[in-house]
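The listed protein sequences derive, respectively, from chains A and B. Mapping to numbering that gives the first Met the number 0: the first sequence position 126 is 125, numbers consecutive. Mapping to numbering that gives the first Met the number 0: the second sequence position 95 is 94, numbers consecutive.
I should point out that these hints are in silico values taken from the structure, not numbers from a laboratory. Some clues are possibly wrong.
Stated by the list, open to error - EDC-like mimics (lysine to aspartate or glutamate), calculated; alpha carbons at most 20 angstroms apart, straight line:
1) A/K118 <-> A/E193
2) A/K118 <-> B/D58
3) A/K118 <-> A/E179
4) B/K45 <-> A/E63
5) B/K45 <-> A/D47
6) A/K206 <-> A/E179
7) A/K118 <-> A/D153
8) B/K45 <-> B/D58
9) A/K118 <-> B/E53
10) A/K143 <-> A/D153
11) A/K118 <-> A/D149
12) A/K206 <-> A/E193
13) B/K45 <-> A/D69
14) A/K206 <-> A/E190
Stated by the list, open to error - Some chain B residues near chain A, calculated using beta-carbon distances under 7 angstroms:
15) S30
16) M93
17) T95
Here a beta-carbon is modelled for each residue, glycine too, at the ideal position from N, C-alpha and C.
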Amino acid sequence: MTIPRISVALASIVFASCTTDPPACQDPPRLLPAIGSGVVVSGTLLADARAQRIVLSPDRRFLEYTFTRDGVATTARYALAEAPPPPALLFVMVRRPPPLGACSALVGRGPAIDSVEVKRGGAVIGSGRAFFSSARCGHDLTAKAGGELDGPPDGLATALGDSELGWTVGTRLALVSGDEVVVTVVDGAGEPFEVYASHQQTSYDVKLGTLTATGSLAVP
Amino acid sequence: MLFAALTGGIAVVGSLLSGHRASRAREPCRSFQPVQLTGTLIEVRKGELVVPIEPAILDGVPRFICVSPTNLNQQTPWVSAANCDFPELSVNAMLTP
Chain A
0 MTIPRISVAL ASIVFASCTT DPPACQDPPR LLPAIGSGVV VSGTLLADAR
50 AQRIVLSPDR RFLEYTFTRD GVATTARYAL AEAPPPPALL FVMVRRPPPL
100 GACSALVGRG PAIDSVEVKR GGAVIGSGRA FFSSARCGHD LTAKAGGELD
150 GPPDGLATAL GDSELGWTVG TRLALVSGDE VVVTVVDGAG EPFEVYASHQ
200 QTSYDVKLGT LTATGSLAVP
Chain B
0 MLFAALTGGI AVVGSLLSGH RASRAREPCR SFQPVQLTGT LIEVRKGELV
50 VPIEPAILDG VPRFICVSPT NLNQQTPWVS AANCDFPELS VNAMLTP
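With the hints as extra help, turn the sequences into a complete structure.
Rendered as structure tokens:
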């Protein structure tokens, strides 16, 4: 008889501890950005901007950012929404298609890449600096790759070999739909390689396509 | 034996529940739910003249800006606007209606 009594008593204590929980949090009120107009007190949204002002409409549907640069007043008008911004595609990545062979078997193998350029509306907007995007075969992740890979085509190339490579699109530039990624290859070995647009220096996010020689691929 | 099993089991359940309660007690309810707005560039004017957007973007005007209250704990007239793609470029402004 004693054991059930003690058990009941202990169970009551546990039950009491449960029922003294603090009440659950209520949904907190939403804290929206203030509306109105005012001058920028600190920071800049673009280099060399002066006399910066912001106007946020009372319905929070539009924002106007006004600044002066080189003596010219410019106003950028934005449509506002609560949806998060699309992730920025800041890098172009190149690698061999799987399955990958042993590192030792890949050393020195083509394609020999000269450059990666980004075109918008037919004009080159970026031909960035190359870096290693994988440490698979002992390369230093994100370390600068061969200088021959940087900049516009110049006839100097580096074999992809056992590495996976990335290029910055440009200084504070992100890829957008319709951009063209042009990969210039020097040798004609016909080795396939995949081209991606990526958010980070070590990710392969949006596959643009597979090439076997110099070619261009569109950003979807 | 049965007694030991029962008390042991209850003790374990009790400690788990009290631990859960303690962790909840350490997390105060939030006062506000800050809302971030995303701005998409729709027009650029130089003076009174409307100009194409893409060259302006290549010239540094942000394509997307992320707008949020500067103070996340109370309503203030301060707002923060940042280039969503390059958050190191941002401004703080005090707005008056």
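| Unsatisfied constraints (hint numbers, rising) | none
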